[in-house]
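Chemist: Let's have the full structure, built from the sequences with the hints guiding it.
Position in the sequence shown counted from 1, then plus 844, gives you the numbering used here.
Incorrect hints may appear among the rest.
Unchecked claim - Cross-link-like lysine-lysine pairs, in silico, DSS-like; alpha carbons within 25 Å at most:
1) 1204 / 1055
2) 1208 / 1055
3) 1054 / 1204
4) 1054 / 922
5) 1043 / 1208
6) 1043 / 1054
7) 1055 / 1043
Note that these hints are calculated values from the structure, not bench results.
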Amino acid sequence: MAKEESEIELEQSINPKQKTTVVIELSWKIILLLLIIFSVLFRSQQIITVLLYLFLSLVFMSAAFPAVNWLIEKKVSKRLAIFLTYLFGIIIILGVISVIVIPFSSQVDKLFSVIPLWTEKLATMLEKFSIFGRKIEISTLYGIVNDWLERVSIIERFGEVASTFEGVATGGFLFVISLITSIYLISEHSFLLDLLMRKIVSDEKRNRVKKLVLDLEYKLGRWLLGQGLISSITAIYCGIILTILKVPFALPLAIFTGFMDIIPSLGATVAGFVISLVALITVGPMSALILLASFILYQPIQNGFIIPKVLGNVIGLKPFFVFFAAIIALIFFGVPGGIIAVPAVVISQIVYEFYVDLQKLQAKGSI
845 MAKEESEIEL EQSINPKQKT TVVIELSWKI ILLLLIIFSV LFRSQQIITV
895 LLYLFLSLVF MSAAFPAVNW LIEKKVSKRL AIFLTYLFGI IIILGVISVI
945 VIPFSSQVDK LFSVIPLWTE KLATMLEKFS IFGRKIEIST LYGIVNDWLE
995 RVSIIERFGE VASTFEGVAT GGFLFVISLI TSIYLISEHS FLLDLLMRKI
1045 VSDEKRNRVK KLVLDLEYKL GRWLLGQGLI SSITAIYCGI ILTILKVPFA
1095 LPLAIFTGFM DIIPSLGATV AGFVISLVAL ITVGPMSALI LLASFILYQP
1145 IQNGFIIPKV LGNVIGLKPF FVFFAAIIAL IFFGVPGGII AVPAVVISQI
1195 VYEFYVDLQK LQAKGSI
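Modeler: This is the structure:
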């Protein structure tokens, strides 16, 4: 035996150029670190677009998956269930466009045309007030409004029109391609889940990974459908109050309120003050006070009854943390960041719980 070992050592000394195989394994932490470095060193716009595409695809899939499963349980084939679910969704989208978006676009043009008149009315009102003996500088208000209106009117120029259409086309393309990708994610859901867990040997870890995927799908889908319903209720409520008080442009203002309601806590508050200001300028202080009071009364009803009933325990965090996350997202990413603040918090919470559970399993020696 010693002789054979000495012969092997002799052969290795004679053949120093003998090939050795080096295997490099990249963990998910290294891959994530490389992606972060890549996004910092190079332009991050493309990476943000890719992440948004993946996020939208996952959200659309999560929203449609319960309906597809329900149809499959009713003995409908999987392909037909997917087709019927997405057909119903497309019909709803087209109905919203025909009933709301087209009248909304026509009223928005008129809305921009009367903003200068509203500014003059507001300036006349403010001239009568003073703060600690000092009158408000009206020229500053005129400057802000005129600068904003100039930026809006510049869109009429040919170059800006081209860039505007390009942005709309890019957003529309991203929406459509995310919708198509979500169809593939649903149709190949079982295969992709098996592919994800193929190299996981531990049964406990496999079950935990499966729970992670199911939690993400359930909570994201619940958030999208629930938030859509909550925003619709807010827009309808606001539209009814605006119509009763005879505030002009009730439809675009109601849609604006419903859209802002997506931003947790902060969005609805900002929208309430904006529409109250419009009511103050157009129909008088009494209607503005009634509108503001009705909006203030609606907030506890929404937060204490509507949101818990519709969303349930999807977020699972105190409102302060959600509000804090929305503020940070607004600062870094603007309005789009505020819109996706809640699902981002949901995903972060689920991933953190998954990481903690993996550490517990590792401590037990299960993985």
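Chemist: Which of the numbered hints above does this structure break?
Modeler: none
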